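Peer 1: Chain by chain, the residues run as shown.
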Amino acid sequence: MYQYVLGAVFGIFMAQYIYQMHGLFEMHFIAFIGSAMLITYQKWKLQIPLAVVVVLHHASFAYMQYAGYDKVYFTQLDFMSLQTFIIHVILASLIFFICGLWAYQFQAYSKTHIEQSFEIGKLQEEQLKKEALLQGERQFYEFFESAPEAIIVQDMDTGKLVDVNANAVKMFGFSKDQMLGKALFEMSPDKQPDEIISEEKAATTIAKAMAGEKAIFEWEYRDANNVPLITETRLTKLSIPGRNLLRSSIIDISDKKIAEAEIIALNESLEAKVKDRTEQLEVVNRELEAFCYSVSHDLRAPLRIINGFSKMIMQKEAANMNQAIRENMDIIMKNATHMGQLIDDLLDFCRLGRSDLTVKATDMNDMVKTVIDEVQSDNQVTLPEFQLHELYKVKCDPTLMKQVWTNLISNAVKYSRKKEKPVIEIGTTHCNGSTTFFVKDNGAGFDMKFSDKLFAVFQRLHKVTEYEGTGVGLALVHRIIAKHNGKIWADAKINEGATFYFTLPNY
Amino acid sequence: MQNNLNNQIDILLVEDNPYEARLTISSLQDQNLANKLFHVDDGAEALDFLFAKGQYEDRENESNPKLILLDLNLPKIGGLDVLREIKANDKTKSIPVVILSSSKLDADVVTSYMLGVNSYVVKPVDFDVFSKAISDLGSYWMLLNESSVLLLLAKTRLVA
Chain A
0 MYQYVLGAVF
10 GIFMAQYIYQ
20 MHGLFEMHFI
30 AFIGSAMLIT
40 YQKWKLQIPL
50 AVVVVLHHAS
60 FAYMQYAGYD
70 KVYFTQLDFM
80 SLQTFIIHVI
90 LASLIFFICG
100 LWAYQFQAYS
110 KTHIEQSFEI
120 GKLQEEQLKK
130 EALLQGERQF
140 YEFFESAPEA
150 IIVQDMDTGK
160 LVDVNANAVK
170 MFGFSKDQML
180 GKALFEMSPD
190 KQPDEIISEE
200 KAATTIAKAM
210 AGEKAIFEWE
220 YRDANNVPLI
230 TETRLTKLSI
240 PGRNLLRSSI
250 IDISDKKIAE
260 AEIIALNESL
270 EAKVKDRTEQ
280 LEVVNRELEA
290 FCYSVSHDLR
300 APLRIINGFS
310 KMIMQKEAAN
320 MNQAIRENMD
330 IIMKNATHMG
340 QLIDDLLDFC
350 RLGRSDLTVK
360 ATDMNDMVKT
370 VIDEVQSDNQ
380 VTLPEFQLHE
390 LYKVKCDPTL
400 MKQVWTNLIS
410 NAVKYSRKKE
420 KPVIEIGTTH
430 CNGSTTFFVK
440 DNGAGFDMKF
450 SDKLFAVFQR
460 LHKVTEYEGT
470 GVGLALVHRI
480 IAKHNGKIWA
490 DAKINEGATF
500 YFTLPNY
Chain B
0 MQNNLNNQID
10 ILLVEDNPYE
20 ARLTISSLQD
30 QNLANKLFHV
40 DDGAEALDFL
50 FAKGQYEDRE
60 NESNPKLILL
70 DLNLPKIGGL
80 DVLREIKAND
90 KTKSIPVVIL
100 SSSKLDADVV
110 TSYMLGVNSY
120 VVKPVDFDVF
130 SKAISDLGSY
140 WMLLNESSVL
150 LLLAKTRLVA
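Heads up: the protein sequence lines correspond to chains A and B, in order.
The end of the first sequence is residue 506 by numbering that gives the first Met the number 0, with every number in the run present.
The end of the second sequence is residue 159 by numbering that gives the first Met the number 0, with every number in the run present.
These aren't lab readings, by the way, just hints derived from the structure by calculation.
The model shown is predicted, which means the values in this text are computed figures rather than measured ones.
It is possible that some hints are incorrect.
Label pairs and their computed distance ranges (CB to CB) [what the hints assert, rightly or not]:
| no. | chain 1 | residue 1 | chain 2 | residue 2 | range |
| --- | --- | --- | --- | --- | --- |
| 1 | B | Pro-74 | A | Asp-275 | 33 to 43 Å |
| 2 | A | Ile-330 | B | Asn-34 | 28 to 38 Å |
| 3 | A | Lys-359 | B | Ser-62 | 47 to 57 Å |
A few chain B residues that face chain A, going by a derived Cβ cut-off under 8 Å, partial list only [to be verified]:
| no. | residue |
| --- | --- |
| 4 | Asn-16 |
| 5 | Tyr-18 |
| 6 | Glu-19 |
| 7 | Leu-22 |
| 8 | Ser-25 |
| 9 | Lys-122 |
| 10 | Val-124 |
| 11 | Asp-125 |
| 12 | Phe-126 |
| 13 | Asp-127 |
| 14 | Phe-129 |
Even glycine gets a Cβ: it sits at the ideal position worked out from N, Cα and C.
Using the sequences plus the hints, can you model the full thing?
Peer 2: Here is the structure:
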């Protein structure tokens with residue numbers, strides 16, 4: 000609105016100015032400065048208020064002159080005729096028209112200009128979008144081409160390959176053109192390693208993949224040179240509308256397979272080696288068994304003969320022999336018997352090496368009582384006093400464990416029988432996940448200096464004349480405890496007694 | 000001690016060690032059981048004797064011994080194989096067989112009983128114990144035990 004007011008103000012100002020200049024002709028041109036200035040607003044309508052002022056001004060002056068009002072004057076003209084008025088108005092209107100047209104054109108141009116700029120902006124934007132799209136496509140293609148696995152796209156409607164990546168070309172050794180147009184199973188052997196016909200197996204896995212299920216499987220292909228290609232293939236249905244595409248991602252696992260086969264072969268050879276060694280061990284065991292057998296049979300027979308013939312002589316010829324000969328014969332027989340005992344003990348010791356443990360929960364209390372009864376009935380000497388503590392139940396081989404108790408208890412009885420009041424204490428303690436048993440006597444004891452000989456075969460710490468024995472008993476005990484993964488040790492003092500400890504692991 | 004082949008043989012002793020054999024025979028003599036004893040040295044000979052083959056072709060094998068004392072460790076044919084043959088043959092399987100062995104091996108004992116041995120005795124080293132064992136054996140099998148052979152004879156006589 001103020002632009003229109005401004006137009007009117009310009010008009011009034013010019014009218015006043017021209018009037019003050021007494022209507023000089025030249026002044027009229029100056030009067031159009033306002034009109035020209037309004038062009039900058041680019042609105043042709045702004046010329047209207049100017050034109051109205053010019054028309055009203057001239058008309059009112061002409062009228063006043065005509066009416067005889069004498070204060071109105073014009074320098075050049077005495078009187079404004081109608082003709083002059085019309086010429087004035089037409090000239091002024093022409094100028095206003097030109098200025099209005101100019102303003103109009105101005106506006107029109109600038110509008111076009113804006114529109115064009117806008118248009119260009121839009122075009123540029125589109126261009127950018129297009130480029131971004133192309134870039135994305137290129138990236139995806141790059142992914143596809145440079146994927147570490149071979150990728151093959153198959154059109155399920157035609158069954159033919161429609162795209163393969165660089166690795167596929169490399170893996171299969173065909174050119175890209177050769178591959179396109181082939182079907183996937185044309186590059187596979189007739190049968191897979193699991194003897195299933197390739198075409199049938201492919202059909203089931205493809206069906207699975209097309210149903211959107213996970214389909215990863217091992218597949219053997221044949222490359223361009225008909226060399227087997229063992230792969231892990233993953234099938235994925237591609238979700239491109241209107242097309243039935245299946246993507247196969249193929250990883251060559253031939254090397255892995257070879258490594259696997261090597262590992263299997265290695266394991267087999269290892270197993271074979273173990274079997275070999277086991278067989279060797281078994282052979283050694285059998286030899287040992289044969290050895291024991293011959294010891295048992297061949298060594299005992301001569302002893303029996305020595306013993307038997309000595310006895311026969313003693314029975315039939317006793318009357319013809321003097322005391323010394325009879326004593327010597329006695330020594331022969333005693334020693335033959337002793338050697339028989341040695342052989343028997345040694346055999347027991349050998350046999351133990353071959354037998355397996357039959358472990359079961361065992362009540363040591365019952366076992367120890369039975370053993371004490373048996374030991375006592377075998378020894379007609381002074382019976383020792385037994386102090387029995389409650390024994391823990393353990394898991395062990397009862398037959399072998401009874402042998403342990405028998406040997407330890409009969410030892411205790413044997414070595415304490417020369418005491419006035421022999422006392423044997425049997426008990427148990429628990430510590431560190433194992434159970435420790437002990438057999439304590441107050442007998443002859445031994446020097447701890449020689450304790451390392453205690454558990455060795457045929458090693459004895461006492462003279463046979465003092466205490467009979469073969470030196471196998473404790474070795475046997477030691478072997479049985481070791482077989483149970485236990486430990487055995489002893490503590491003793493000469494003439495004050497000995498304590499034998501052994502532990503058994505808690506199974 | 001060799002008996003006349005055609006006399007009735009009560010005990011067949013199969014033992015390769017002559018001294019062992021002598022000890023055994025000596026123990027049986029005390030019980031008067033050694034008179035009708037026949038001693039062979041090896042397994043092959045034992046089978047020849049029982050089935051009247053080879054050097055014993057001429058033996059009238061009408062009657063079997065009443066007891067066989069068999070050692071295990073024998074030359075040519077082992078004791079266990081002899082036992083197998085005896086127990087596999089209808090003619091001889093009813094003869095009581097006692098194994099006299101030095102071997103205490105579990106496997107031997109089990110196999111012997113599986114093959115149908117009537118008794119398994121481990122020969123003790125001590126002569127007194129040995130002697131007693133042998134004479135006990137003799138008197139048990141020869142005197143106490145009812146022999147199937149005798150029963151069989153009695154039966155055939157009844158039928159006749």
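Peer 1: Would you list, in rising numerical order, the hints stated earlier that this structure does not obey?
Peer 2: none
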